[in-house]
Amino acid sequence: MPAEGSPAGAPGDGTPAAGTPARATLVDRVRTNRRVKTLVASAIPVTWVVVLLLVPYALLLIQSFWRLRNGTLTHELTTENYRRLFGTSLYPATILYSAGVALRVTVFSLLLAFPVAYVLAFKVRKHKTLLYMAVIIPLWVSYVVRAYAWKIILGQQGILNGLLMSMGIIRTPLTVLLYSTAAVVLALTHIYTPFTLMPIYAVLDAIPPALKEASQDLYANRWRTFIHVILPLSLPGVVAGCTFAFVLSMGDFLAPQLLGGNDSALMVSNLVWSLFGVAYNWPLGAAVSVVMLALTLVLLWVAGRVEARGSYGGEARASVTDYAAPV
Amino acid sequence: MTPIVELRGLTKRFGAFTALDGISLAVAAGEFLTVLGASGSGKTTTLRLIAGFDLATEGRILIEGADVAALPPFKRPVNTVFQQYALFPHMSVRDNVGYGLRMQRVPHREIGPRVTEALEMVQLGPFAERAPRQLSGGQQQRVALARAIVNRPRVLLLDEPLGALDLKLRRAMQLELKDLQSKLGITFIYVTHDQEEALTMSDRVALMRGGRIEQLGAPRDLYDRPRSRYVADFIGETNLLPAVANDRDPGMVTVAGPAGPIPVRVEVRADGVRAGIPLWLSVRPESLSVVAAAAPAASGDGAGNSLPATVREIVYAGSVVKLHLALADGTTIVALRSPSDPPFASGASVQLRWPASQGVLVAD
Numbered sequence: 037m038p039a040e041g042s043p044a045g046a047p048g049d050g051t052p053a054a055g056t057p058a059r060a061t062l063v064d065r066v067r068t069n070r071r072v073k074t075l076v077a078s079a080i081p082v083t084w085v086v087v088l089l090l091v092p093y094a095l096l097l098i099q100s101f102w103r104l105r106n107g108t109l110t111h112e113l114t115t116e117n118y119r120r121l122f123g124t125s126l127y128p129a130t131i132l133y134s135a136g137v138a139l140r141v142t143v144f145s146l147l148l149a150f151p152v153a154y155v156l157a158f159k160v161r162k163h164k165t166l167l168y169m170a171v172i173i174p175l176w177v178s179y180v181v182r183a184y185a186w187k188i189i190l191g192q193q194g195i196l197n198g199l200l201m202s203m204g205i206i207r208t209p210l211t212v213l214l215y216s217t218a219a220v221v222l223a224l225t226h227i228y229t230p231f232t233l234m235p236i237y238a239v240l241d242a243i244p245p246a247l248k249e250a251s252q253d254l255y256a257n258r259w260r261t262f263i264h265v266i267l268p269l270s271l272p273g274v275v276a277g278c279t280f281a282f283v284l285s286m287g288d289f290l291a292p293q294l295l296g297g298n299d300s301a302l303m304v305s306n307l308v309w310s311l312f313g314v315a316y317n318w319p320l321g322a323a324v325s326v327v328m329l330a331l332t333l334v335l336l337w338v339a340g341r342v343e344a345r346g347s348y349g350g351e352a353r354a355s356v357t358d359y360a361a362p363v
Numbered sequence: 021m022t023p024i025v026e027l028r029g030l031t032k033r034f035g036a037f038t039a040l041d042g043i044s045l046a047v048a049a050g051e052f053l054t055v056l057g058a059s060g061s062g063k064t065t066t067l068r069l070i071a072g073f074d075l076a077t078e079g080r081i082l083i084e085g086a087d088v089a090a091l092p093p094f095k096r097p098v099n100t101v102f103q104q105y106a107l108f109p110h111m112s113v114r115d116n117v118g119y120g121l122r123m124q125r126v127p128h129r130e131i132g133p134r135v136t137e138a139l140e141m142v143q144l145g146p147f148a149e150r151a152p153r154q155l156s157g158g159q160q161q162r163v164a165l166a167r168a169i170v171n172r173p174r175v176l177l178l179d180e181p182l183g184a185l186d187l188k189l190r191r192a193m194q195l196e197l198k199d200l201q202s203k204l205g206i207t208f209i210y211v212t213h214d215q216e217e218a219l220t221m222s223d224r225v226a227l228m229r230g231g232r233i234e235q236l237g238a239p240r241d242l243y244d245r246p247r248s249r250y251v252a253d254f255i256g257e258t259n260l261l262p263a264v265a266n267d268r269d270p271g272m273v274t275v276a277g278p279a280g281p282i283p284v285r286v287e288v289r290a291d292g293v294r295a296g297i298p299l300w301l302s303v304r305p306e307s308l309s310v311v312a313a314a315a316p317a318a319s320g321d322g323a324g325n326s327l328p329a330t331v332r333e334i335v336y337a338g339s340v341v342k343l344h345l346a347l348a349d350g351t352t353i354v355a356l357r358s359p360s361d362p363p364f365a366s367g368a369s370v371q372l373r374w375p376a377s378q379g380v381l382v383a384d
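From first to last, the protein sequence lines are chains A and B. Those letters in the first sequence? Residues 37 to 363, by my numbering. Those letters in the second sequence? Residues 21 to 384, by my numbering.
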């Protein structure tokens, strides 16, 4: 592309007059052109998202419409997988069951995380960061290790049975502890509570202390201050935290696999895993995945809307992805 | 008449730091009292103790004769206007203003009209359904004010309420606040670090220094009869001339001159002034007149003082001309002149003159 003529100097005159700016190099043009700059800067993240997220999702979507003929994958397009998914009770029931587990995990995580976040944000003066780190540090330990830890605690030869037996409360080890839905809920609650706590702490910590004082100055006691000021202002964080706990535990694979026993087959991720890895029915597995993905997106959208309503008037103050925004 | 708010020996310590050191103060009903001070002087602490956000280490707080020391903020008959307004971001302007009434369980049909009335009083009627963040700083300030006065408190505490506003808006709001205060008859306890604001608005000013009240009085008292060098320096602008007391004549001090000490007559002496300690003569810039060195002594003013000085700088400031001068010992002096007065050249030798009644002798 030919460069535009320099602003000064006669057209066609090969030698520019003294004081005329030198012809811009390509680098200069990139540096000064806002659009080009934006394009260059966003190239890497855009490539990243397209190659590692959008392409796999697109492949998944395409595969979910492929036909499996006599155990062989063909590229014929069909809606058979979706018809089978919604036609039998197994798949909707599994999704519902997973949602039930996720809901319980969410409720327990919220009940644990909110009081801790509240105390950290408002009551702790010294060593605040240290205590916050103590809550977050479990996230540094591998997920697998934490899931296994529950196996060690709840197992037949486990710590809990040993403790109960040595205290004389039981004589023979309890077998109901491990390999149950309860064990899965317990482990998932342990694993995902920090994810719930972080956004809640972030919003609580951003509430100016003067707001609490203003409420008390206007005749509200602590409880009413909590109900009318603190709780409404913390809602964006609560919604974000609950969304994390729900979405992450609904799609969890390892904890049900390790701790769920026979119940584990009823979690949707384990079902997908067996469809891909055991039954070799990739199209059906892909279809289940697509449905899950759609459900998750709907959930995130709803959560975003709920959060937007948390702030009075105008645009949303915080969202799932922007929970640390100052009040 | 019993004071509406009374502080007795109020002390607040944060660990080893004494923020408030046994202050006593009585505020009359309907009074506009300003607590003035530099940052860290204890003025905000005083307000927070009265409101109940912090608890006093020692001393008593009486509101309408009743000791409120043990009461939490929501049981005290005072309301606060906060420095950063502290409006509830998740509520409309109307809901913000009605908050205190709702929390007091005022009947619903009464809340609406009272909120409307309060909003109209601060000229925010059309903004009732807005969110606080959709308002300008000045408007938010008015909402904070309406939110407090709607409760009809006997005492309103204001913590630097105009601190975040620009100068012009601030001046307008000062007059509006003063007007509102006299209209409502509410006692105002007003905290500020701005001495001009304190002089403009208050019935009385308590100037704080290091957790104590340095001087309490009407604005004029503080300006004309400062009790110490600190007060003279803090309130308004002044010239402080190092002075030495005269043992024989208490009405005379000496100030350094080019050829030895020059005697100067003083009519106003602050408490604690005595020979043997460092003293200063405080003369306001507007009290000084500047005349050419060769000019004859002013006639008919026997109590007039005169000091030689050199013009250093002439600053034109619109309505006045500020003259920066130096005394023989190097002390810088500021004098105000009218732009229509005959000008002096920089470096000119002049005489500073002022009547003895306009100089105040103060100790540190």
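Incorrect hints may appear among the rest.
When the alpha-carbon atoms are kept at most 30 Å apart in a straight line, the in silico DSS-like pairs for lysine-lysine are as follows [claimed, not checked]:
(1) A:Lys73 to A:Lys159
(2) B:Lys95 to A:Lys159
(3) B:Lys203 to B:Lys95
(4) B:Lys188 to B:Lys198
(5) A:Lys248 to B:Lys95
(6) B:Lys342 to A:Lys248
(7) B:Lys188 to B:Lys342
(8) A:Lys164 to A:Lys248
(9) B:Lys198 to B:Lys95
With the C-beta cut set under 8 Å, the calculated list includes, among others, these residues of chain B facing chain A [said to hold, decoys possible]:
(10) Phe37
(11) Ala71
(12) Thr77
(13) Pro92
(14) Phe94
(15) Asn99
(16) Gln104
(17) Tyr119
(18) Gly120
(19) Pro239
(20) Tyr243
(21) Phe364
What the hints contain is simulated information worked out from the structure, not anything from laboratory work. Every residue, glycine too, gets a C-beta built ideally from N, C-alpha and C.
To see whether the hints hold, each was checked on the structure:
1. For the hint linking A:Lys73 to A:Lys159, the alpha-carbon distance of about 47 Å lies beyond 30 Å, and the restraint is violated.
2. For the suggested pair B:Lys95 and A:Lys159, the alpha carbons sit about 22 Å apart, so the restraint of at most 30 Å is met.
3. For the given pair, B:Lys203 sits about 26 Å from B:Lys95 by alpha-carbon distance, which is consistent with the 30 Å threshold.
4. For the given pair, B:Lys188 sits about 16 Å from B:Lys198 by alpha-carbon distance, which is consistent with the 30 Å threshold.
5. For a cut-off of 30 Å, the pair hint linking A:Lys248 to B:Lys95 stands: about 15 Å separates their Cα positions.
6. For the proposed pair B:Lys342 and A:Lys248, the alpha carbon gap of about 48 Å is over 30 Å, so the pair is violated.
7. A C-alpha spacing of about 23 Å is found between B:Lys188 and B:Lys342, which places the hinted pair at or below 30 Å, so the restraint holds.
8. Of the supplied pair hints, the one linking A:Lys164 and A:Lys248 holds, its CA atoms being roughly 19 Å apart against a limit of 30 Å.
9. Distance restraint check for B:Lys198 and B:Lys95: the Cα-Cα separation of roughly 27 Å lies within the 30 Å cut-off, and the hinted pair is therefore satisfied.
10. For B:Phe37, the shortest C-beta to C-beta distance to chain A is roughly 15 Å, which exceeds 8 Å, and the interface hint is violated.
11. Taking 8 Å as the C-beta contact cut-off toward chain A, the hint placing B:Ala71 at the interface holds, the least distance being around 6 Å.
12. Using the Cβ-Cβ criterion of 8 Å, the hint placing B:Thr77 at the interface with chain A is not satisfied: the shortest such distance is roughly 18 Å.
13. Residue-level restraint check for B:Pro92 holds (minimum Cβ-Cβ distance to chain A is 7 Å; threshold 8 Å).
14. The restraint placing B:Phe94 at the interface with chain A holds, with a minimum CB-CB distance near 5 Å, inside the 8 Å limit.
15. Against a cut-off of 8 Å between C-beta atoms, the interface hint on B:Asn99 holds, since the closest Cβ of chain A lies about 6 Å away.
16. Annotation: B:Gln104 was flagged as interfacial toward chain A, and the flag holds, the nearest CB pair being 6 Å apart, inside 8 Å.
17. This hint holds: B:Tyr119 has a C-beta 5 Å from the nearest C-beta of chain A, less than the 8 Å allowed.
18. Checking B:Gly120 against chain A by beta carbon gives a least distance of about 4 Å; that is within 8 Å, so the hint holds.
19. The closest approach between the C-beta of B:Pro239 and any C-beta of chain A is roughly 28 Å, which is over the 8 Å cut-off, so the hint fails.
20. The beta carbon of B:Tyr243 is not positioned within 8 Å of any beta carbon in chain A (closest approach about 33 Å), and the interface hint is therefore violated.
21. For B:Phe364, the suggested interface contact is broken, since its CB lies about 49 Å from the closest CB of chain A, more than 8 Å.
Of the numbered hints given earlier, the model fails hints 1, 6, 10, 12, 19, 20 and 21; all others are met.
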